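In order, the protein sequence lines correspond to chains E and R.
For the first sequence, my numbering assigns the number 1 to the initial residue and increments by one for each residue that follows.
For the second sequence, my numbering assigns the number 1001 to the initial residue and increments by one for each residue that follows.
Hints listed in this document are in silico derivations from the structure and should not be mistaken for laboratory results.
Just so we're clear, the structure is a prediction, and the values are computed from it rather than from any experiment.
One or more of the hints may lead you astray.
Stated by the list, open to error - Here are some chain R residues the structure puts well away from chain E; computed CB gaps all over 10 Å: (1) 1046; (2) 1081; (3) 1145.
Said to hold, decoys possible - Mimicking EDC-like on lysine to aspartate or glutamate, the simulated pairs with C-alpha atoms at most 16 Å apart in a straight line are: (4) 1042/R <-> 1154/R; (5) 1207/R <-> 1190/R; (6) 1003/R <-> 1072/R; (7) 151/E <-> 96/E; (8) 61/E <-> 1154/R; (9) 1162/R <-> 40/E.
The C-beta atom is built at its ideal place from N, Cα and C for all residues, glycine as well.
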Amino acid sequence: MSPEKLDAILDRYDRNPAQLIPILQDVQAEENYLPRETLEAISEKLDVPLVRIYAVATFYKAFSLKPRGKHIIQVCMGTACHVRGGARILDKMMRDLNVGPGETTKDMAFTLETVNCLGACALGPIVVVDGEYHGQMNPPKWDKIYKTLKKAEG
Amino acid sequence: MAKVHLTIDGKTVEAEEGAMLLQVARDAGVEIPTLCHNDEVKPYGACRMCMVEVGDGPRKKLVTSCTYPVKDGLSVTTQSERIQRNRKMIAELLLARCYKVPEVREMAEAYGIDVDKPRFQVREDTCILCGLCVRVCDEVVGVHAIGFAGRGPDRVPTPPFKEPSQLCIACGACVYVCPVDAIKMVQTPESRTIKRWQRTLPMKVCKVCGEPFMPEYQIEYFKKRAKNIPDDFFEVCPNCR
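Extracted from the complex, chain E is given alone in its bound form (with noise of 0.2 Å):
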């Protein structure tokens, strides 16, 4: 991220250290992920001890070190989802992309994550593209909007 950038983001939030996560969110919106030297940046500019965003950013799920794919796909691993069939669904999305939970493709296009409730799960199973929910998910309708991704994609 340029200095620029992250600037506006610091600033926005005043430059006070106890809106790190705001701040990190910020971030990961901007990039899809946590780029170590904007975390040294920011270490820096708000005399944060690294070590201690270095704890924020592995504590929570949310936020993610390895760079992430353009399009982000959640599937629910909840119970309800589960019992639904979500568990068919990612090996389908599996085999499609070629790529693990918590994986990226090469072509960093896409990342395969999973979560564990969504919160919704009257519309089990669900998928959530790139913060979209879809409900009651089929391997038919993944297969629908993997091919609208892909034709996005070129």
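Got chain E; can you put chain R on it based on the hints?
Chain R alone, transformed into the frame defined by chain E:
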């Protein structure tokens, strides 16, 4: 600060308002076991061994005495079947986590646990996650070289990015404070290594006796922190000074 009166195991004790219960009890001569407590750092409440009961009758609740501020009229019980049962549970869980650590095994045995027949699936961790190393590095030494990473079963104390520490001054405070000896230090005439943080630093040799006494980087840090030290102060070791 106002004085308050409370009873600990039926004995009336006077204390400063807001003082932590563990300290008050210890000052009154009541023994409470702890793992994560150290007078030099802030109370943390990680190990849960210092649990006691406060209140009366059915309202009695378990609290960690190290983080519980005393107030007037408080009634405290430090020995009961319930407390003992809870401490035993913690000992069993620690044993499952750190099956090979002698300090943990000893403690488990003291609570009547058969260490050869652990109740839970065992792991061979060396660290009990009391956080003393991290807190000493933060609050006492002030270099913030280490912290916790991850959470749940993956939580570990580590330098940032789990790489060899760049900030550690190899002072050894974490080694000294660790209750289960999980941080090893290797000292040779030339250098000192803190193994867990993968940090090796050259040692300063005393001008008078020729013995190594402190990592050079630590001296630099001391000089930076205490501005009025004469330049040649650290040329000679404390014994020869």
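Consistency of the hints with the structure:
The claim that residue 1046/R is not at the interface with chain E holds, since no C-beta of that chain comes within 10 Å of its own (minimum 14 Å). Every beta carbon of chain E lies more than 10 Å from that of residue 1081/R, the smallest distance being close to 36 Å; the non-interface claim holds. At roughly 7 Å, the least C-beta separation between residue 1145/R and chain E is not larger than 10 Å, which violates its mark as non-interface. Distance hint between residue 1042/R and residue 1154/R is unfulfilled; the C-alpha atoms sit about 24 Å from each other, more than 16 Å.
The hinted pair formed by residue 1207/R and residue 1190/R meets the criterion: a straight-line CA distance of about 15 Å does not exceed 16 Å. A threshold of 16 Å between alpha carbons decides the hint, and for residue 1003/R with residue 1072/R the separation of about 8 Å falls inside it, so the pair holds. Note on residue 151/E and residue 96/E: the hinted pairing holds, with a Cα-Cα distance of about 15 Å set against a maximum of 16 Å. The hinted pair formed by residue 61/E and residue 1154/R meets the criterion: a straight-line CA distance of about 12 Å does not exceed 16 Å.
Of the pairs offered as hints, the one joining residue 1162/R and residue 40/E holds, with about 14 Å between alpha carbons and a cut-off of 16 Å not exceeded.
When held up to the earlier numbered hints, the structure conflicts with 3, 4 and fits the remainder.
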